[in-house]
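S.K.: With the hints as your guide, set chain Y onto chain W.
Number of protein chains: 2
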Amino acid sequence: MNNFVFYSPTEFVFGKATEMQVGALARKYGARKVMIVYGGGSVVRSGLLDRVKQSLQEAGIEYCLMGGVQPNPVDTKVYEGIEFCRREQADMLLPAGGGSVIDTAKAIAAGVLYEGDFWDFYIGKAKVTKALKVAVVLTIPAAGSEGSGNTVITKLDGLQKLSLRVPEVLRPVFSIMNPELTYTLPPFQTACGVADMMAHIMERYFTNTQEVEIGDRLCEGTLMAIINEAPKVMRNPEDYGARANLMWAGMIAHNGTCGVGCEEDWASHFLEHEISAIYGVTHGAGLSVIFPAWMTWMVEHNVGKIAQYAVRVWGVPESEDKKAVALEGIGKLKAFFSSLGLPVTFKELGVENPDIDRLADSLHRNKGELVGNYVKLTKWDSKEIYRLACAGE
Amino acid sequence: MNNFVFYSPTEFVFGKATEMQVGALARKYGARKVMIVYGGGSVVRSGLLDRVKQSLQEAGIEYCLMGGVQPNPVDTKVYEGIEFCRREQADMLLPAGGGSVIDTAKAIAAGVLYEGDFWDFYIGKAKVTKALKVAVVLTIPAAGSEGSGNTVITKLDGLQKLSLRVPEVLRPVFSIMNPELTYTLPPFQTACGVADMMAHIMERYFTNTQEVEIGDRLCEGTLMAIINEAPKVMRNPEDYGARANLMWAGMIAHNGTCGVGCEEDWASHFLEHEISAIYGVTHGAGLSVIFPAWMTWMVEHNVGKIAQYAVRVWGVPESEDKKAVALEGIGKLKAFFSSLGLPVTFKELGVENPDIDRLADSLHRNKGELVGNYVKLTKWDSKEIYRLACAGE
Numbered sequence: 001m002n003n004f005v006f007y008s009p010t011e012f013v014f015g016k017a018t019e020m021q022v023g024a025l026a027r028k029y030g031a032r033k034v035m036i037v038y039g040g041g042s043v044v045r046s047g048l049l050d051r052v053k054q055s056l057q058e059a060g061i062e063y064c065l066m067g068g069v070q071p072n073p074v075d076t077k078v079y080e081g082i083e084f085c086r087r088e089q090a091d092m093l094l095p096a097g098g099g100s101v102i103d104t105a106k107a108i109a110a111g112v113l114y115e116g117d118f119w120d121f122y123i124g125k126a127k128v129t130k131a132l133k134v135a136v137v138l139t140i141p142a143a144g145s146e147g148s149g150n151t152v153i154t155k156l157d158g159l160q161k162l163s164l165r166v167p168e169v170l171r172p173v174f175s176i177m178n179p180e181l182t183y184t185l186p187p188f189q190t191a192c193g194v195a196d197m198m199a200h201i202m203e204r205y206f207t208n209t210q211e212v213e214i215g216d217r218l219c220e221g222t223l224m225a226i227i228n229e230a231p232k233v234m235r236n237p238e239d240y241g242a243r244a245n246l247m248w249a250g251m252i253a254h255n256g257t258c259g260v261g262c263e264e265d266w267a268s269h270f271l272e273h274e275i276s277a278i279y280g281v282t283h284g285a286g287l288s289v290i291f292p293a294w295m296t297w298m299v300e301h302n303v304g305k306i307a308q309y310a311v312r313v314w315g316v317p318e319s320e321d322k323k324a325v326a327l328e329g330i331g332k333l334k335a336f337f338s339s340l341g342l343p344v345t346f347k348e349l350g351v352e353n354p355d356i357d358r359l360a361d362s363l364h365r366n367k368g369e370l371v372g373n374y375v376k377l378t379k380w381d382s383k384e385i386y387r388l389a390c391a392g393e
Numbered sequence: 001m002n003n004f005v006f007y008s009p010t011e012f013v014f015g016k017a018t019e020m021q022v023g024a025l026a027r028k029y030g031a032r033k034v035m036i037v038y039g040g041g042s043v044v045r046s047g048l049l050d051r052v053k054q055s056l057q058e059a060g061i062e063y064c065l066m067g068g069v070q071p072n073p074v075d076t077k078v079y080e081g082i083e084f085c086r087r088e089q090a091d092m093l094l095p096a097g098g099g100s101v102i103d104t105a106k107a108i109a110a111g112v113l114y115e116g117d118f119w120d121f122y123i124g125k126a127k128v129t130k131a132l133k134v135a136v137v138l139t140i141p142a143a144g145s146e147g148s149g150n151t152v153i154t155k156l157d158g159l160q161k162l163s164l165r166v167p168e169v170l171r172p173v174f175s176i177m178n179p180e181l182t183y184t185l186p187p188f189q190t191a192c193g194v195a196d197m198m199a200h201i202m203e204r205y206f207t208n209t210q211e212v213e214i215g216d217r218l219c220e221g222t223l224m225a226i227i228n229e230a231p232k233v234m235r236n237p238e239d240y241g242a243r244a245n246l247m248w249a250g251m252i253a254h255n256g257t258c259g260v261g262c263e264e265d266w267a268s269h270f271l272e273h274e275i276s277a278i279y280g281v282t283h284g285a286g287l288s289v290i291f292p293a294w295m296t297w298m299v300e301h302n303v304g305k306i307a308q309y310a311v312r313v314w315g316v317p318e319s320e321d322k323k324a325v326a327l328e329g330i331g332k333l334k335a336f337f338s339s340l341g342l343p344v345t346f347k348e349l350g351v352e353n354p355d356i357d358r359l360a361d362s363l364h365r366n367k368g369e370l371v372g373n374y375v376k377l378t379k380w381d382s383k384e385i386y387r388l389a390c391a392g393e
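Keeping their order, the protein sequence lines are chains W and Y. The opening position of the first sequence corresponds to residue 1 in the UniProt record's numbering, with each subsequent residue numbered one higher. The opening position of the second sequence corresponds to residue 1 in the UniProt record's numbering, with each subsequent residue numbered one higher.
Chain W extracted, bound-state conformation:
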């Protein structure tokens, strides 16, 4: 096990009707004026926005509003938000939504206090040392951004999708998680969230770091819980218990609980970021195509942990033939994704003929000559994985 720091100071307030606590919590964390950030109309239609406003008013907290954040959130909205936030002199960002909205709010929170271009943070030209406080009302469990210090933004000019991780500054001070708010999530988006949270766990789980049994078991347990609960939600979108389990699993998947003391991988995420940047697909759908392909490639190159995963998570019987065990596990993962209505090939993703050269060129231009850690991928390797994803292998 490697040395590590685990620091997850966010106060998670979980359960029914918890959004009505947003005003009291904002006051507790010292807000004077919050900037509510949201996406499309569902937050308005569902009445959530009104309830949040009401709670803030009752607590004597001022607010201003910025809607219109799109999936795969872009830099232009961040620039707009920074300007708006400065003008309104808000002192806390309050995203109400999923990963796109939260990640946009985090970028604004850091950008407001920085004199230069906020994009400097994402390209490594500057470090985030301070930010406005961010607090969350979560409506889409997937990105895990409610409990992480991560944010992913796409630069429209050049379609560069980059991630930033500053846990000590960008973690939300509190996150309100009411599973009922996820009832109206369409089935496909629910399924994409499931793929995303599973990927967050597997990026940590597939590691060469030895003697990480506790991290492994927490990863495996969280995966098994998701595999158990997701079909219930697909059958009955208003199954409170299943929605609640999925929502919490999505947080656990990404706040650092899983994979402590491991060297993490993240190649699949980076392989996917190129797809969603170029083809505009939903991140989770891209992952359900790429992750099995990445694992299939790994069967030939570093089978160990893939086989353990097949046995412990999917109940594949142990055998001397680790490759066969691993492939059976990958088959079960793909069948699971398919059962949720997720794509497992580029074609099913709606990308008939992906430009593999362009994807791989962009990936290695953004992320360097070698990508990932479980096996460090060359551009040649990345192309092979993209090809496996065409064939659905």
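Rather than coming from a laboratory, the hints here were simulated on the basis of the structure. Hints may contain errors.
Copies of one chain are not kept apart here, so a pair can be met inside one copy or by any two copies together.
Said to hold, decoys possible - Below, in silico cross-link-like pairs of lysine to any residue (SDA-like), each with a Cα-Cα straight-line distance of 25 angstroms or less:
(1) Lys130 with Gly30
(2) Lys367 with Thr345
(3) Lys28 with Ala126
(4) Lys232 with Thr209
(5) Lys367 with Ile356
Quantities reported herein were computed from a predicted structural model and do not represent experimental measurements.
M.R.: The following block gives chain Y in isolation, referenced to the frame of chain W:
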């Protein structure tokens, strides 16, 4: 799943040589003068105390020292500490040790800022609303006190052992966890720690709250990791990986990660507190006697979760006969405890003829007419469980 708040703001700094960061961390958290609290001579002999002092000096932090905290820590030491801390005007408590030392430091931290008798907090006469900061250098993974807001103190006069839980005030600001510091822990104490951390998980796991799959899986995974790693540590006390996994599992067992959204039980802990208060046994050893007895009693009264535990944690094959499944699981737990050199009967614990009436009277006087939640125990039930623990059932 019940509504819940999860709030674990402690910064955990885990790994080799991390005690050398104590000075920098104390400064980061605003300390001017820390009061180091420790137990016997091992912290001195091992050189840990000198390294901690050195790190504090290098960071320009003043310190004062209070040693001599005993296992099953007592109120008289807390009074001494409160007086000493006030005299020295320390502004941070720094326990270096295990649960007894940390729990004493928490009691001092709360007591220093309270005009009345600190014992008021433990008997529910007053609430802890403020405390000095507590930071930890952990040397015994067992109590989980490094990541919890809990403290257990025994009042010498009357042998009343009571616990207090104030997560929002008494959680350590940081905890330094170097698994190497646990190498010198004697085998019996290591084993007692294993029983204690397993009990912390099971107190949460055995619940009637429905639809808690994610909490269950995290509990089961942590238990399986402990069961896998503990025998390695018994064979080779300097197995870094196994010590590291156990140390982190002990934290996860008690910081709230396990059993989110559940009504917790805690009857076994309360049954045990009477034993260690009256007979002075080690808490973990008492638990390894009481917990299987409690579970055996539950087979007849509420078998559901006991059977699930047997299947998922111990790999007992599923069967229609849930009672048989459950009993087989309990048998495996007892065999596991025995293999670590732990007692599973009162006799093995060194208490040939426990005064069951006195134990049960004291328990229900301290904790009320009904104890626990999985099945609420009457005094009659508690006596039956104590009797089962005599027979080792």
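S.K.: State for each hint whether it applies.
M.R.: Going down the list of hints, with the structure as the test:
For the homomeric pair Lys130 and Gly30, the shortest alpha-carbon distances inside one copy (16 angstroms) and between copies (18 angstroms) are both at most 25 angstroms. In this assembly of identical chains, the alpha carbons of Lys367 and Thr345 lie at most 25 angstroms apart only when taken from the same copy (24 angstroms versus 60 angstroms across copies). For a Cα distance limit of 25 angstroms, the shortest separation of Lys28 from Ala126 across copies, 23 angstroms, qualifies, whereas the shortest one inside one copy, 31 angstroms, does not. For the identical chains of this complex, Lys232 and Thr209 are inter-copy neighbours only, at 18 angstroms across copies versus 35 angstroms inside a copy, given an alpha-carbon limit of 25 angstroms.
In this assembly of identical chains, Lys367 and Ile356 lie within 25 angstroms of each other by CA distance solely inside one copy; the values are 16 angstroms within and 67 angstroms between copies.
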